[in-house]
Amino acid sequence: MHNAKIHKQPINNSVWVVLASVAIIAGLGLAWIQGDQGGPKLDEADTIAITKASFLFQFARSNDWPEETKEGNFKIGIHGNRILFNFLVEKYSSQSIGSQMLEVVWYEEAEMAEFTHILYSESEGEELARLIESTGNQPVMVVTSVNSEIEMPKGSVMNFIVQSSRIRYELDMDNALLRGLIVGNRILSWAVTR
Amino acid sequence: MNMHRINRQIILLCVTFLFAGIAIAQPGSTANQIDEAISFAEEGAYESALKMIEPLLENEARNDARAWYVAGYAHKGRYKDYTFRSASTSKLACAERSIAVEQLLEAYELDKKATFPGKISELVEDALDYLSKTYMSDAVKGVHGFQKGTDEEVLGYFMEFVKIRNVLDPTENWLREEVELEKNLAKANRVLLASIASSKTTSTKQKEELFEKVVSHYLRAIELDSDDYAARYNLAINLYNRGVSELKSIDHTTSMFELMEIQDICVLLFKEALEPMLEAYNMDNDRKETLKGLMTIYRALSKNEESDKYKLLLEEAVK
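The listed protein sequences correspond, in order, to chains A and Y.
Take 1 as the starting number for the first sequence in my numbering and just add one per residue.
Take 1 as the starting number for the second sequence in my numbering and just add one per residue.
The following block holds chain Y by itself, in its conformation from the complex:
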């Protein structure tokens, strides 16, 4: 009796496996569709791969790491195609890359939860590593070929880079790079401002906006790294120079009222410059450029005693 029961159970199990096997191998089944999508993706037929895989992601394959990976891979492929045809920062390329990252991250998360994680994760890591570097590359390019008003875009690329890196290796710290990026953006805005400073076709408002960006990037760099000497020094110099540039803008067309108003603006800027310059001095009080900066700012504020004090310190430092 017992033997007969065991035999029945074995037969039942075999039938179940048989049906399951048929179901898996059946054309149109989820697993089969994923396989087909993989084949398409391997051949570079990304459109076809996505057409096949993406509807599945909303239903049958929503918990399948392999499916998410293939979709992400295909979008990554399309991103590369768009980059080759136009630029990595074109709207289409950016959109593809963004979806690729999203889908690859999903695949990564699902694979980590799986009973035997690893296979997909390794592939996803490679793909994400590549995409993260394209973001960083775009951030660098964005700084080098900086155009007015692209600050947020450039920062966005960097933030995406950090987001991916944090997933790949949570122990990595990219704060130093973020500080440098902020300082580089400040510099990029300053260089742009200097190039249009004498232009009469550029409005004062536009110049003002650029200057505000310079200041805000340095302030952000200081906020991120309270020990950053260069950000403080450069912020102080920019504020001071801005005041001097206001004074230099005075000419024969300037009225008495405007002269008084410009003086008020200058004094305000000089006072604003003093704080970060003093902070920079307190961080490293042997640096000649800081001593010179303080000597100059105090003189511009007509605080001659203070100015002379730093002049003496500078003379001693030069000896």
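So that you can see chain A by itself, here it is in the shape it has in the complex:
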């Protein structure tokens, strides 16, 4: 009798349970498939530009310029890298350097049309030479990005180079002094030599 009872509907799993189970499994399969879609998207930000921009801000903050340049805004001029320019504007344009507001200036041509405390360019060769020449002997920290195997570009004060996949910078101290720039100790200590 009880053996018969044990087969009765209530103790057995009813049809709806089976149907619900099928639905769960089907839903699960769908969930997995959906789950694998919409994976992470590659962040296409220019990491080199971000790194260089961060260094330029450090240069602005940790070096010193002659007194006569401490009026008006503190200007960083950018030539040849619009992404870097945009990043600097976005990230640092509301900051101040000492008592001066930071201003980022874009140069379309290889010529320093107005005085900037820092002038960064990705040009090389003649174009770079022309740009550097336009700065004369003014207290401009010319920053370049030339991966020359021999030496840093003539007239450049700082030059970005790549060492072990990292952006580093080399420094021409004589040129800095010649332009009346006082290189901060921190900047000096992190500079690399070839």
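Rather than coming from a laboratory, the hints here were simulated on the basis of the structure.
Only a predicted model underlies this, so the values are computations on that prediction, with no experimental measurement involved.
It is possible that part of the hints are untrue.
To be verified - To be clear about the criterion: a stretch of chain Y counts as covered by chain A if any three or more of its residues have a C-beta under 8 Å from a C-beta of chain A, and this derived list gives those stretches: (1) 90-98; (2) 103-114; (3) 232-238; (4) 295-309.
Stated by the list, open to error - With a straight-line Cα cutoff of 27 Å, these simulated DSSO-like cross-link-like pairs (lysine-lysine) come out: (5) Y:Lys141 - A:Lys91; (6) Y:Lys163 - A:Lys41; (7) A:Lys154 - Y:Lys303; (8) A:Lys41 - Y:Lys113; (9) A:Lys41 - Y:Lys148; (10) Y:Lys288 - Y:Lys311; (11) A:Lys41 - Y:Lys51; (12) A:Lys41 - Y:Lys207; (13) Y:Lys112 - A:Lys41; (14) A:Lys41 - Y:Lys119; (15) A:Lys41 - Y:Lys288; (16) A:Lys41 - Y:Lys205; (17) A:Lys91 - Y:Lys205; (18) A:Lys91 - Y:Lys248; (19) Y:Lys311 - A:Lys41; (20) Y:Lys91 - A:Lys41; (21) A:Lys91 - Y:Lys309.
We put the beta carbon where it would ideally sit given N, CA and C, even for glycine.
Guided by the hints, dock chain Y onto chain A, whose structure is given.
Just chain Y now, kept in the frame of chain A:
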């Protein structure tokens, strides 16, 4: 003489059966108690059923498949009750389900060993099938409503599901689903990390823990299925993006020392991203996203020649 002896043996046999019958039918006998427990279980009086059956499982009925089934069935009933009242993942519901599975498996094993197996096994299979699906359902729910630190719990549900399925049908293979679960957990951690990335109330340590989970789930998926392209690609992207996010965290408060330190971390992450991206590329070298990934990672590592090589391949693939 022989006839007389046969008659005596028949009488003895009848007496034995009579006593056995009395013993079976006697209130309080094991078989009777099991029957009563069944009646209780059928009526939904699970407490009473268990009160009756569970003491027997340790002694008289320890080898009785029917008894184990009834106990498992009653715990399954209680699990359903708790699920109805709170959630399938509440502590009480989980405990009931776990005991139900254990007892049903015991019933299944005993019934398979029996001289005439089948009756109980069929019932047990239905019950286990139902419970296995509740585990799977909880794993899916765990991913969809993912909360930090519940990875092991979700994986645990899935493992229970697989354990039961393997008993019901040893030929079933759930490896593909396990790989997908690992990838889904990686994604769940990533989404959670992205949602708190800019939060200042969440500590760096917590963010770091989430990121480590993302990586470890993808690595496990790769370990389980060495041919999984998506796990490799997604792992590479996550590692790379993490590096970019570190760089983006640099601001006016960052010191020169920190800037150098962040660069070191980024380069390490970019290098770590390169390996799975190259593996993904070797698995399918026509995929544009992999070519783009390699172009980008090499550029971030300032390996411009390599970057240009993949840029060219990407341009050709786009044509």
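Comparing the hints with the structure gives:
1. 90-98: violated (count 0)
2. 103-114: Since three or more residues must qualify, the claim that chain A covers the stretch 103-114 of chain Y is violated, with 0 doing so at under 8 Å.
3. 232-238: Our answer is that it holds, as 4 residues pass the Cβ test (under 8 Å) against chain A, meeting three.
4. 295-309: Since three or more residues must qualify, the claim that chain A covers the stretch 295-309 of chain Y holds, with 6 doing so at under 8 Å.
5. Y:Lys141 - A:Lys91: Roughly 41 Å between the alpha carbons, so the hint for Lys141 of chain Y and Lys91 of chain A is violated.
6. Y:Lys163 - A:Lys41: violated (35 Å)
7. A:Lys154 - Y:Lys303: holds (25 Å)
8. A:Lys41 - Y:Lys113: violated (55 Å)
9. A:Lys41 - Y:Lys148: Holds, because 22 Å separates the two Cα atoms, which is no more than 27 Å.
10. Y:Lys288 - Y:Lys311: holds (10 Å)
11. A:Lys41 - Y:Lys51: Measuring from Cα to Cα gives roughly 57 Å; hence the hint is violated.
12. A:Lys41 - Y:Lys207: At roughly 19 Å apart (the allowed maximum being 27 Å), Lys207 of chain Y and Lys41 of chain A satisfy the hint.
13. Y:Lys112 - A:Lys41: With a Cα-Cα distance of about 52 Å, the restraint between Lys112 of chain Y and Lys41 of chain A is violated, given a limit of 27 Å.
14. A:Lys41 - Y:Lys119: Distance ~54 Å between Lys41 of chain A and Lys119 of chain Y Cα, so the pair is violated.
15. A:Lys41 - Y:Lys288: holds (13 Å)
16. A:Lys41 - Y:Lys205: At roughly 24 Å apart (the allowed maximum being 27 Å), Lys205 of chain Y and Lys41 of chain A satisfy the hint.
17. A:Lys91 - Y:Lys205: With Cα atoms ~25 Å apart, Lys91 of chain A and Lys205 of chain Y stay inside 27 Å; holds.
18. A:Lys91 - Y:Lys248: Holds. Lys91 of chain A to Lys248 of chain Y sits at ~9 Å (cutoff 27 Å).
19. Y:Lys311 - A:Lys41: Holds: Lys311 of chain Y and Lys41 of chain A sit about 18 Å apart, inside 27 Å.
20. Y:Lys91 - A:Lys41: violated (38 Å)
21. A:Lys91 - Y:Lys309: violated (32 Å)
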